[in-house]
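Here is how the chains run, residue by residue.
Protein chains: 2
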Amino acid sequence: MRIEDAMDRVNDQVVLAERPTTILEASTTRLESTSAPQPQEGEALVEVGYLSIDPTIRTWMDDAPGYLPPIGIGEVVRSGGIGTVVESNNSRYNVGDLVFGTVGWQRYCIAGKGSQAMTVIPAGVDPLLAINVLGVTGLTAYFGMTDVGHIREGDVVVVSGAAGATGSSAGQIAKILGAKTVIGIAGSNEKCALLTSELGYDVAINYKTDNVAAALKEAAPKGVDLFFDNVGGEILDIVLAQLAMRGRVVLCGAISQYTTPGRPKGPANYLNLIIKRGSMEGFIILDYADRYGEAQGQLLTWLLEGKLHHAEHVLDGLDRAPEALNLLFTGGNTGKVIVRL
Amino acid sequence: MRIEDAMDRVNDQVVLAERPTTILEASTTRLESTSAPQPQEGEALVEVGYLSIDPTIRTWMDDAPGYLPPIGIGEVVRSGGIGTVVESNNSRYNVGDLVFGTVGWQRYCIAGKGSQAMTVIPAGVDPLLAINVLGVTGLTAYFGMTDVGHIREGDVVVVSGAAGATGSSAGQIAKILGAKTVIGIAGSNEKCALLTSELGYDVAINYKTDNVAAALKEAAPKGVDLFFDNVGGEILDIVLAQLAMRGRVVLCGAISQYTTPGRPKGPANYLNLIIKRGSMEGFIILDYADRYGEAQGQLLTWLLEGKLHHAEHVLDGLDRAPEALNLLFTGGNTGKVIVRL
Chain E
0 MRIEDAMDRV
10 NDQVVLAERP
20 TTILEASTTR
30 LESTSAPQPQ
40 EGEALVEVGY
50 LSIDPTIRTW
60 MDDAPGYLPP
70 IGIGEVVRSG
80 GIGTVVESNN
90 SRYNVGDLVF
100 GTVGWQRYCI
110 AGKGSQAMTV
120 IPAGVDPLLA
130 INVLGVTGLT
140 AYFGMTDVGH
150 IREGDVVVVS
160 GAAGATGSSA
170 GQIAKILGAK
180 TVIGIAGSNE
190 KCALLTSELG
200 YDVAINYKTD
210 NVAAALKEAA
220 PKGVDLFFDN
230 VGGEILDIVL
240 AQLAMRGRVV
250 LCGAISQYTT
260 PGRPKGPANY
270 LNLIIKRGSM
280 EGFIILDYAD
290 RYGEAQGQLL
300 TWLLEGKLHH
310 AEHVLDGLDR
320 APEALNLLFT
330 GGNTGKVIVR
340 L
Chain X
0 MRIEDAMDRV
10 NDQVVLAERP
20 TTILEASTTR
30 LESTSAPQPQ
40 EGEALVEVGY
50 LSIDPTIRTW
60 MDDAPGYLPP
70 IGIGEVVRSG
80 GIGTVVESNN
90 SRYNVGDLVF
100 GTVGWQRYCI
110 AGKGSQAMTV
120 IPAGVDPLLA
130 INVLGVTGLT
140 AYFGMTDVGH
150 IREGDVVVVS
160 GAAGATGSSA
170 GQIAKILGAK
180 TVIGIAGSNE
190 KCALLTSELG
200 YDVAINYKTD
210 NVAAALKEAA
220 PKGVDLFFDN
230 VGGEILDIVL
240 AQLAMRGRVV
250 LCGAISQYTT
260 PGRPKGPANY
270 LNLIIKRGSM
280 EGFIILDYAD
290 RYGEAQGQLL
300 TWLLEGKLHH
310 AEHVLDGLDR
320 APEALNLLFT
330 GGNTGKVIVR
340 L
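Keeping their order, the protein sequence lines are chains E and X. Under numbering that gives the first Met the number 0, the letters of the first sequence match residues 0 to 340, in that order. Under numbering that gives the first Met the number 0, the letters of the second sequence match residues 0 to 340, in that order.
Since the hints were made in silico from the structure, they are not lab data. Careful: at least some of the hints might be erroneous.
SDA-like mimics (lysine to any residue), calculated; alpha carbons at most 20 Å apart, straight line [stated by the list, open to error]:
no., chain 1, residue 1, chain 2, residue 2
1, X, 112, X, 87
2, E, 179, E, 222
3, X, 221, E, 179
4, E, 264, X, 87
5, X, 264, E, 34
6, E, 264, X, 264
7, E, 221, X, 63
8, X, 264, E, 174
9, E, 174, E, 218
Part of the chain E face toward chain X, derived, beta carbon under 8 Å [stated by the list, open to error]:
no., residue
10, 128
11, 265
12, 266
13, 269
14, 279
15, 280
16, 283
17, 286
18, 288
19, 290
20, 292
The calculated label-pair distances, taken between Cβ atoms and stated as ranges, are [claimed, not checked]:
no., chain 1, residue 1, chain 2, residue 2, range
21, X, 145, E, 67, 31 to 39 Å
22, X, 233, E, 221, 28 to 36 Å
23, E, 18, X, 24, 46 to 54 Å
24, X, 153, E, 153, 44 to 52 Å
25, X, 124, E, 153, 50 to 58 Å
26, E, 68, X, 220, 14 to 22 Å
27, E, 39, X, 149, 42 to 50 Å
28, E, 300, X, 146, 31 to 39 Å
29, X, 329, E, 63, 32 to 40 Å
30, X, 292, E, 18, 56 to 64 Å
31, X, 304, E, 62, 16 to 24 Å
32, X, 292, E, 63, 47 to 55 Å
No experiment lies behind these values; they were computed from the predicted model shown. Backbone N, C-alpha and C define an ideal beta-carbon position, used for all residues, glycine too.
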């Protein structure tokens, strides 16, 4: 390919214009257009096809310490995603390869080394699967349930944000691995119906209409052995109060708190961790990078066996990325939110 | 001994008259006198010599679920302590033996089976030691640091309530087991001086006069590996914000919250457990009962080697037990609070 062709490529980008205080507003981001970057020696140019829309993106928009630095004002919004290699100066990336990595909310990005390294997706794998169950979402559910939560046969398990991307995999994985009862908490009757009809949950609780504490007491009369928490806030407090002896809380996220200005709501019932000899532990999926392959093999097996179901919520167009992110906080999605370019 | 003699023994008791809302008031407890109980077959009569005054007693006074049932109104206040066997119908207990167990705030109690079982203290062990470093206090510090906190060589350790009974042992145990830096948080300059001059702490922070967050940042610039928390509240939040990667929080108690009406203050910074892949775990020393001997052997060795120092704060007279308990919440004690009858 001649350099002139590459120069012709227009790179549309969504950049952070100002820091949001709650959900994203029109003024939070700005569309910009520039020339696509020129891949240097060891690099490849990737045309982005899909953006993985995850709650953690919202946390990177705050000017607060985190596991990654905040997105700077004027910078492209950081995001996982999948693209196709369109030009390559690196033998790891062949033109036509589907690759996964930190692509950003933009049409073109560079695959290279370090934080720019991308993973080549084996031929034949559906990109929607690669971005959902076989991607960071499914991996988070898998390692959260196994390595962090130490799921055991016979466990009574609760998952919050159960119809979300991670939650819907987490509950199914718990059930596959022998949980006695898997209880999902979600925000609509439609989501609750999906949990019990398709996603293997035994019980679904609608936190907007049910008395969560009473419903949980009924579904888990002997208490909760393992709570996989995606939402934080009041639901975390309710479950903490109903932990079983040596109950474990896996802190995956706190989606109810990310768009609330000020400090998060601390769980007042944390002292039940003493009474019940319980534990609460956080994790970041990046720490498991060298074991992704092992987990992907297991997840793929379950997919092929028909044990693991998945749902994607796809929006078309780069300009819809901010709207897509907001869906996570307004509860507008069922399954993994993906933007298709 | 004739039955008539036993009948002559007057059993002074401190009973719970009403549930306190903050610290104990004059109306919270009531002194009563009755005849000492008559030991049945398999039981012994114990004359109480020392009461172990622990924060957990205050939690039993609330009408709330806990690891033990609440003390009923009109019942003798539950308490650990040490006494002397004065009459016995059980070959395990010989007249003259010093025994440790749940004696209650009273002059006489029964040693027997189940919850009335008591442990005979080997001859030659000072009862103040048996109730402090070799008792539940020292055992709590020991198992909290080792089995729950997984103390490791090179750890940066923080202990709150550091001049209290458990805290003063916990910090020393951390140092003995190879902690690089042990930082104590306490409530007066006298206590802070004691921490660094006698109890092996590297740094002491006075939470009443120092900026705790700034002082902690200076003492632990790379963050806190292990936090042994006795107090909860604002201090827990400050330390959570300064956890090192994979930092651990051992929840021993929350003395700042026990006398505060309403729900405890939840730690708003708990989400740092995700960012730092940290954990927070509670425990109850009763679970380690079958390993007390192992720990007592180790603690006794350190005592004999001069590595472990201890302090007791003794008040004389059963009627002073309520006042003694309040000392824990007003910060009036240094070391283990004991009531001597």
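Hint-by-hint comparison with the structure:
no. : hint                         : in the structure
1   : X:112 with X:87              : 13 Å, holds
2   : E:179 with E:222             : 12 Å, holds
3   : X:221 with E:179             : 42 Å, violated
4   : E:264 with X:87              : 55 Å, violated
5   : X:264 with E:34              : 52 Å, violated
6   : E:264 with X:264             : 10 Å, holds
7   : E:221 with X:63              : 18 Å, holds
8   : X:264 with E:174             : 35 Å, violated
9   : E:174 with E:218             : 15 Å, holds
10  : 128                          : 26 Å, violated
11  : 265                          : 3 Å, holds
12  : 266                          : 4 Å, holds
13  : 269                          : 6 Å, holds
14  : 279                          : 5 Å, holds
15  : 280                          : 4 Å, holds
16  : 283                          : 6 Å, holds
17  : 286                          : 6 Å, holds
18  : 288                          : 13 Å, violated
19  : 290                          : 15 Å, violated
20  : 292                          : 21 Å, violated
21  : X:145 with E:67: 31 to 39 Å  : 34 Å, holds
22  : X:233 with E:221: 28 to 36 Å : 35 Å, holds
23  : E:18 with X:24: 46 to 54 Å   : 50 Å, holds
24  : X:153 with E:153: 44 to 52 Å : 38 Å, violated
25  : X:124 with E:153: 50 to 58 Å : 44 Å, violated
26  : E:68 with X:220: 14 to 22 Å  : 19 Å, holds
27  : E:39 with X:149: 42 to 50 Å  : 46 Å, holds
28  : E:300 with X:146: 31 to 39 Å : 37 Å, holds
29  : X:329 with E:63: 32 to 40 Å  : 36 Å, holds
30  : X:292 with E:18: 56 to 64 Å  : 58 Å, holds
31  : X:304 with E:62: 16 to 24 Å  : 51 Å, violated
32  : X:292 with E:63: 47 to 55 Å  : 48 Å, holds
When each numbered hint is compared with the structure, violations occur for hints 3, 4, 5, 8, 10, 18, 19, 20, 24, 25, 31.
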